[in-house]
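Peer 1: Chains A and B supply the protein sequences, listed in that same order. What the first sequence shows, in the numbering used here, is residues 7 to 184, in sequence order. What the second sequence shows, in the numbering used here, is residues 7 to 184, in sequence order.
None of these hints come from the bench; they were simulated from the model. Note that the structure is a prediction, hence the values are computed from the model and not measured. Every residue, glycine too, gets a C-beta built ideally from N, C-alpha and C. Be aware that one or more of the hints could be misleading.
[Claimed, not checked] Reference excerpt, derived from the structure (chain A facing chain B, CB under 7 Å, subset only):
| hint | residue |
| --- | --- |
| 1 | Met7 |
| 2 | Trp44 |
| 3 | Gly168 |
| 4 | Glu175 |
| 5 | Thr176 |
[Claimed, not checked] Label pairs and their computed distance ranges (CB to CB):
| hint | chain 1 | residue 1 | chain 2 | residue 2 | range |
| --- | --- | --- | --- | --- | --- |
| 6 | A | Asp158 | B | Lys70 | 37 to 47 Å |
| 7 | A | His106 | B | Asp100 | 12 to 22 Å |
| 8 | B | Glu51 | A | Lys70 | 31 to 41 Å |
[What the hints assert, rightly or not] Computed footprint of chain A on chain B; a stretch qualifies when at least three of its residues, placed anywhere within it, have a C-beta under 8 Å from a C-beta of chain A:
| hint | segment |
| --- | --- |
| 9 | 10-21 |
| 10 | 46-58 |
| 11 | 86-98 |
| 12 | 163-173 |
Number of protein chains: 2
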Amino acid sequence: MAKRSFPLSHVYRLLEPGPVVMVTTAGKGRTNIMTMSWHTMLDFEPPIVGCVISNRNYSFDILKATRECVINIPTVELAKKVVGCGNTSGRKIDKFKTFHLTPAAASCVKAPLIDECYANLECKVVDGKMVAKYNFFILEVLKAWIDRSQKDPRTIHHRGKGAFMVAGETIKLPSKMK
Amino acid sequence: MAKRSFPLSHVYRLLEPGPVVMVTTAGKGRTNIMTMSWHTMLDFEPPIVGCVISNRNYSFDILKATRECVINIPTVELAKKVVGCGNTSGRKIDKFKTFHLTPAAASCVKAPLIDECYANLECKVVDGKMVAKYNFFILEVLKAWIDRSQKDPRTIHHRGKGAFMVAGETIKLPSKMK
């Protein structure tokens with residue numbers, strides 16, 4: 007997928023709507039993908055993101071050790087693969103191979119981009135103080151990529167138990183907020 | 007709006023999709039409303055929520071002092087009022103009056119519910135360690151209310167600069183995730 011650099015100051019516009027994302031990591035000679043919905047922006051620029059990655063997940067130890075990951079944002083066309091990655095563990099399978107996803111080289115981190123996702127955010131862990139108590143990692147986005155052809159990406163938003171809301175129309179209102 | 011008690015174990019299903027919410031507080035003999043999008047679940051049960059409330063907001067001092075608030079979830083019918091609350095400050099106006107919203111008594115906290123919102127989560131601050139650095143409050147949801155007639159609530163999701171994605175259709179997939 008043809009991607010272009012995306013301004014770091016606009017990264018909040020991708021995550022603030024609350025899409026399900028896929029977090030990629032690389033460590034011990036392997037890569038992994040984890041499906042994740044518990045994330046929030048913490049600051050605009052540099053973009054700081056907080057996210058929960060459970061210590062039961064294979065990605066937890068890799069992220070703790072390497073302090074690097076990529077947040078990949080899928081659209082509804084990838085929904086089955088997103089759920090597949092959520093239902094399985096990187097301890098047992100290579101998710102890129104199993105779900106026919108394409109790893110692409112990142113520019114600032116060793117974790118791979120998922121080529122099929124319309125946006126990719128290369129991140130490093132900048133604060134691990136909340137990991138022990140909440141499994142909450144604080145990340146800085148170092149580099150962002152986007153497929154600019156997708157003006158209104160049909161992201162998916164988890165409502166629990168396999169129900170996903172698909173992004174609908176976008177409306178404009180006279181907001182003074184960023 | 008007729009509301010019923012909502013199981014605390016299901017609260018994540020309301021917030022995980024990432025809707026814009028309205029946070030109400032009460033202090034110094036006044037109430038306030040703040041529009042907010044930077045929130046995430048941190049745990050299922052009891053439901054723990056992390057959210058950013060900037061120290062530039064009037065609600066920040068009230069929340070710090072009273073350690074109580076309500077997270078109210080609006081649907082698209084309220085979008086203009088949501089933006090109105092975001093564009094103004096409780097230092098200068100009474101937002102309930104200005105935007106014709108109806109305060110209703112909560113059961114566990116002094117902050118009011120916004121009656122017109124389809125769901126309301128009564129919260130107390132349980133961890134303030136991240137407030138100084140990130141304006142990040144950690145809340146426990148004590149009581150949840152919902153209008154059960156809204157099966158697929160048309161929540162709004164902020165894309166920045168006054169653009170809001172409106173919740174579209176819901177799809178079901180064979181996910182093993184909670």
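Peer 1: Each of the hints needs a verdict: does it hold here or not?
Peer 2: Verification of the hints:
The closest approach between the C-beta of A:Met7 and any C-beta of chain B is roughly 21 Å, which is over the 7 Å cut-off, so the hint fails. Hint on A:Trp44 holds. Least Cβ distance to chain B is approximately 5 Å, under the 7 Å limit. For A:Gly168, the interface hint holds, since its Cβ comes within 7 Å of a Cβ in chain B; the closest pair sits about 4 Å apart. Interface hint at A:Glu175: satisfied, since its Cβ lies 5 Å from the closest Cβ of chain B, which is below the 7 Å cut-off.
Against a cut-off of 7 Å between C-beta atoms, the interface hint on A:Thr176 holds, since the closest Cβ of chain B lies about 5 Å away. Our hint of 37 to 47 Å for A:Asp158 and B:Lys70 holds, since their Cβ atoms are close to 38 Å apart. Here the CB-CB span from A:His106 to B:Asp100 is close to 56 Å, at odds with the stated 12 to 22 Å. Hint check: B:Glu51 to A:Lys70, Cβ distance near 25 Å, so the stated range 31 to 41 Å is violated.
Coverage of a stretch by a chain is defined here by at least three residues with a beta carbon nearer than 8 Å to that chain's beta carbons; for the segment 10-21 of chain B and chain A the count is 3, and the condition holds. For the segment 46-58 of chain B, the stated coverage by chain A holds: 8 residues have a C-beta nearer than 8 Å to a C-beta of that chain, and at least 3 were required. Coverage of the segment 86-98 of chain B by chain A holds in this model, with 4 residues showing a Cβ closer than 8 Å to a Cβ of that chain against a need of three. Under a criterion of three residues with beta carbons nearer than 8 Å to beta carbons of chain A, the stated coverage of the segment 163-173 of chain B is upheld, 11 such residues being counted.
In this structure, the earlier hints numbered 1, 7, 8 are contradicted, and the remaining ones agree with it.
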